Amino acid sequence: FLQARASAAAARQFLRSQLIAPANLVAVVNHALCDQQQPKAGKLFYRSSILAPSHPAVLANLGAYFAQSSDCSNMLRAYRRLALAAPADARGGKGLAKAWLIGCDRDGRFHGAEKHVHECLRWVGVLKPNDQKIRFQRVQLLIASGAMDAAHALMAPVIAAGDQSIQAMIPDDFDLGFLSVLASDHWMEGRLTEAFVCLDLILCRDPTNATALLQRGIYLRTGGNLFASRDSLRLLLITRPRYSAGMNGLKITEVAQNLPIDAIRRLRQYCVLNPLAFVGAVTEMSVLGFEAEEPKFGKKMAIRGILASPDDCTNYQHLVRYLIQNRLFKPAGHLLAWLEFIALSSLTCNLLAWLFLHRGEYKAAEKRFQQAIDLDSCNVSARVNLSMLQLKSGEIEKALADYELRWQLGWNKDQGYEMYPQPSLDIPVWDGSDLRGKRVYVRGEQGVGDEIWFVGLLPALISGGATITLECIPKLVPLLQRSFPDVKVCGRGNGALPTLNDVDYQIPIGSLMKFLCDNSYQAPTNYLAADTNLAADRRRLYSDNGRQKVIGISWRSLKREHRRSFEASLHHWQALKNLPNCAFVSLQYGDTAEERAAFKQATGIDIRHDHSIDIFNDVDGMAAQVQAVDAVISIANSTVMLAHAIGTPAWVALRTHQEDWRYRLFHQHSNLLPKCRHYWPHDQQNWARTIGDISIDVKSFLASVKH
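Per the numbering used here, the sequence shown starts with residue 282, numbered consecutively.
The set of hints was computed from the structure by calculation and includes no laboratory data. Since we're looking at a predicted model, the values are computed, not measured. Careful, some of the hints might be misleading.
[Unchecked claim] Derived SDA-like pairs (lysine to any residue); straight-line CA-CA distance at most 25 Å:
1. Lys956 / Pro861
2. Lys956 / Ile977
3. Lys679 / Ala645
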């Protein structure tokens, strides 16, 4: 009957057994355990103690009955008798510890003594030093008595061992909250493994424990394991869909994973659960909207934030950025004037300078950048922007100190490569010392065009006697390896990073400028070696065996950050008709078939696209194309940098605000791009007029070049 869990039927059979043999101790005890009626069970336990007054099991059961009845006096009496009758029985010590816990008995009398509790528990520990179940019971009693430090010390060796077999020994009534606190303590002390063992113990007993899942998600995120963190927090929300702390934690993880659209969705759900949090969340939703390339949503949230908190400058600043990026300079100016009135700050001055930059007012921009730095010398954005403006103005020496702060900006975080890789390897950074016999690991940085320009600094490093390993964007490897046979070239992410045993120094390639460049620096050209056979073959094909001059053109720059992409659409290029006896070759990556077809229909000019070369992925093939043409006409993109490095003359159509600092402000020539002629726009951006001016200059140049 007991195996069938039929307690009432079992009790009847035990009663019959006692009628037959009144002194049957086993029948009396089992009858007491089966009986659900407390007074009757108590009488049976008393009877068993009369039959066997010194039997350990009888006394233990009697003590447990009194504990269940909150009869502390009789509970103490029963466990004391057990301790005297069987000193080696740990049940006596545990029972006495429970009896001495501070509290009230069934009669409302206050009792307890923490000192006696700890003495009894130490006694149990001596009797059962390796019994993990006893250890958990001792911990449970210590927690109940408020001795958290002692409980922590008792659990420490178990947690450190991380033995998963102890999970089955955890009592059903064990305080999981203690394990949660213990996990937090371990995490704060830097013992990550122990913290996760505590959380695993909780989740083994209660897989949907909200606190443990939240802690696990936060700890994983802090440790950099974003995917596992997101999985843990998503499981938490599956089991507790309305748990706002879990929703907020998942939002933070999704922001760290650069998933702004998911983060916005989570933030909206959080605001539904906590309507009063909406006002505080508007600013964050605005930021996430812009990061998710949802500028209309970001703008709407920024406006709501301004209406909700008119004195909060943050939403004004986000809205100003949106307006400037969309070339809405007039309303941006009005907002900045208001911001300057209510709270003149370094960030406001930086935004004003940014506005002046986009309007082409460079003197005013320089003044505002300096004002932003005067107000806050730690404004990295203002310092780097000012350094780039100084580079454009030819003040190279003045600019290079703050240019070293460039990686702190965190631009283009969605790129597959680091925009500005901080020299974070555990290797000394080269400080300009003697390089003879030294090994240097040079890390490429920024985009394709930037790396192509920066490698022009390598010959100076090689001449110093250094052995160089160059890390670059993978698609540049064939071209750079051919151009620098003495340099070991490796693609970023294609191998293990070096250690101090492999190299003596490291340096981001852009940082070479501070050692090699000054105001009179003349950048080298013609330092990349294209595939000469492929270039000659393309030359014959494009020029119709030398019957025509060949011009390569590029009109678009696409970047993952949509706001920084720009183009001079082909319909602005009709001035190419002024270049007679010329063949035109597209150096533009992407699908341009429809654009070229429309241009041919409008002008009669056929811009040839070489399908044998993948311009975007095959930079080596594109270098051969650039070497095969007589001239390159382009907007400011990597094509110009490749022409500079190959030695092909180039003409570049620039915008009012040109981010690339290699183009000298309002000058046609620059020491940093000596074979490139710069064409800045007139009073307003007019691509057709700019390209018309370029076509006149190119026509004159081609006339002076012999076949």
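Results of checking the hints against the structure:
| no. | hint | in the structure |
| --- | --- | --- |
| 1 | Lys956 / Pro861 | 23 Å, holds |
| 2 | Lys956 / Ile977 | 17 Å, holds |
| 3 | Lys679 / Ala645 | 18 Å, holds |
In this structure, every one of the numbered hints holds.
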